[in-house]
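Visitor: Given next are the chains, with one letter for each unit.
Number of protein chains: 2
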Amino acid sequence: MHKILQKSNLFKGLRQNEIEKVLAKTHHQIKEYEPEQVIAYSGCKCERLYLLLEGSVRGEILDENGKTLKVEDINAPDTFAEAFIFAENSEILVNVVANSRAKILIIFKDDWIGLIKSNDKILENYLGIISNRFVLVTRKMKSLSMKKIESKLANYFLRLKKANNSNRFKLNSTHQQLADYFGVTRPSLSRSISKMVRGKIISTNKKEIEILNEKKLLQLL
Amino acid sequence: MHKILQKSNLFKGLRQNEIEKVLAKTHHQIKEYEPEQVIAYSGCKCERLYLLLEGSVRGEILDENGKTLKVEDINAPDTFAEAFIFAENSEILVNVVANSRAKILIIFKDDWIGLIKSNDKILENYLGIISNRFVLVTRKMKSLSMKKIESKLANYFLRLKKANNSNRFKLNSTHQQLADYFGVTRPSLSRSISKMVRGKIISTNKKEIEILNEKKLLQLL
Numbered sequence: 007m008h009k010i011l012q013k014s015n016l017f018k019g020l021r022q023n024e025i026e027k028v029l030a031k032t033h034h035q036i037k038e039y040e041p042e043q044v045i046a047y048s049g050c051k052c053e054r055l056y057l058l059l060e061g062s063v064r065g066e067i068l069d070e071n072g073k074t075l076k077v078e079d080i081n082a083p084d085t086f087a088e089a090f091i092f093a094e095n096s097e098i099l100v101n102v103v104a105n106s107r108a109k110i111l112i113i114f115k116d117d118w119i120g121l122i123k124s125n126d127k128i129l130e131n132y133l134g135i136i137s138n139r140f141v142l143v144t145r146k147m148k149s150l151s152m153k154k155i156e157s158k159l160a161n162y163f164l165r166l167k168k169a170n171n172s173n174r175f176k177l178n179s180t181h182q183q184l185a186d187y188f189g190v191t192r193p194s195l196s197r198s199i200s201k202m203v204r205g206k207i208i209s210t211n212k213k214e215i216e217i218l219n220e221k222k223l224l225q226l227l
Numbered sequence: 007m008h009k010i011l012q013k014s015n016l017f018k019g020l021r022q023n024e025i026e027k028v029l030a031k032t033h034h035q036i037k038e039y040e041p042e043q044v045i046a047y048s049g050c051k052c053e054r055l056y057l058l059l060e061g062s063v064r065g066e067i068l069d070e071n072g073k074t075l076k077v078e079d080i081n082a083p084d085t086f087a088e089a090f091i092f093a094e095n096s097e098i099l100v101n102v103v104a105n106s107r108a109k110i111l112i113i114f115k116d117d118w119i120g121l122i123k124s125n126d127k128i129l130e131n132y133l134g135i136i137s138n139r140f141v142l143v144t145r146k147m148k149s150l151s152m153k154k155i156e157s158k159l160a161n162y163f164l165r166l167k168k169a170n171n172s173n174r175f176k177l178n179s180t181h182q183q184l185a186d187y188f189g190v191t192r193p194s195l196s197r198s199i200s201k202m203v204r205g206k207i208i209s210t211n212k213k214e215i216e217i218l219n220e221k222k223l224l225q226l227l
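Quick mapping for you: the protein sequence lines, in order, are chains A and P. Following the working numbering, the numbering of the first sequence begins with 7 at its first residue and continues without gaps. Following the working numbering, the numbering of the second sequence begins with 7 at its first residue and continues without gaps.
Hints are computed from structural coordinates only; laboratory data are not their basis. Source: prediction; values computed, not measured. There could be a bad hint or two in this list.
For identical chains, the list gives no copy identity; a pair is met inside one copy or between any two copies.
When the alpha-carbon atoms are kept at most 25 angstroms apart in a straight line, the in silico SDA-like pairs for lysine to any residue are as follows [stated by the list, open to error]:
#: 1; residue 1: Lys-146; residue 2: Lys-212
#: 2; residue 1: Lys-154; residue 2: Ser-48
#: 3; residue 1: Lys-201; residue 2: Ser-48
#: 4; residue 1: Lys-115; residue 2: Arg-165
Chain A extracted, bound-state conformation (with noise of 0.2 angstroms):
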């Protein structure tokens, strides 16, 4: 075992004897699953560190007709649902179902808590797992974010090039104005724009925009 945690981005950089000896003095679960059985219910509070060992398991939700569909997989030597034991809604969003055999280290809160204050390095590969989610996941949501205007902008320039029967049009508003309207935030709005012009998908001058590549403008919808 000591082995395969040697290799998990949380004990990484110990030595086999070090991990030895952190284990033997903090109390630990190891779970083996069967393939299909649940680990842990979306919805439930996760107040524990989860290590897959061996194995394989999986992210799943429930669809409106009751159906389970897989979100994500996830495999040993990762741990999962990690950055949720210390936040206050501690509820994990998904199923999380074993593909195959699944050996998986359960450390639970109280217990984790001693064992990154009894290890520097534990405790900075804690740190650095759950600081690079959630910079991950930030950096999604400024992309998603950002291609969501881009969807608005490209339907609002394509109506306007409908209703001025050219791909040549004036804005009648101003880029605080469509911002409103769209509901972001002005810096936003004009970021998108940029982005377009430096896809050559427009050009803009001054109020005047131009559509340079409506294939790819409607691609953005």
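Given the coordinates of chain A, assemble chain P onto it according to the supplied hints.
Guide: Frame of chain A; chain P shown alone:
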């Protein structure tokens, strides 16, 4: 200062003399900033903890014309950029600028590690703050992602209405085909359709869709 710190999420639950003791043995800076002074630049590696003791600062970004625009205000005694300290990519995404005269407690990463190791309560408070940020941004992303799909669906349904010249029409694609076409997962798509049905915007009957509230559908665009 210790009175203000007691009110912060980071030092909550500690007595004033405990806070004094902790800070006495932790290397830290207290810096004062004039109104409009830049505290941290977007793109800077942010491997330190900032806790606002007095005043107010803002996060701001540059738009395409080089103009700066506010995105968020932070007031004493809040921390900021705290979830970036331990991330691999610790570059912050905004400029941080003083709104008023501001007094800030700054603790560098290595000293910060020492501090959270020495005090259970502060460690747990810190883990709570960054985990809460993660959960918040994850939920925001889910909601944003859902709105994006609703917008695509609304657009698609309005086009079908026009093509069929009727509020009632058949879908010629399965949910899976539609999801592939929109570049989203099937469960996400199905959830969006269910939400529209619950909101009485559309009704579904097998592969038939009826638009019940076109005004609301247009608002989703």
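Visitor: Okay, which hints does this one fail, numbers in order?
Guide: The structure breaks hints 1 and 4; every other hint is satisfied.
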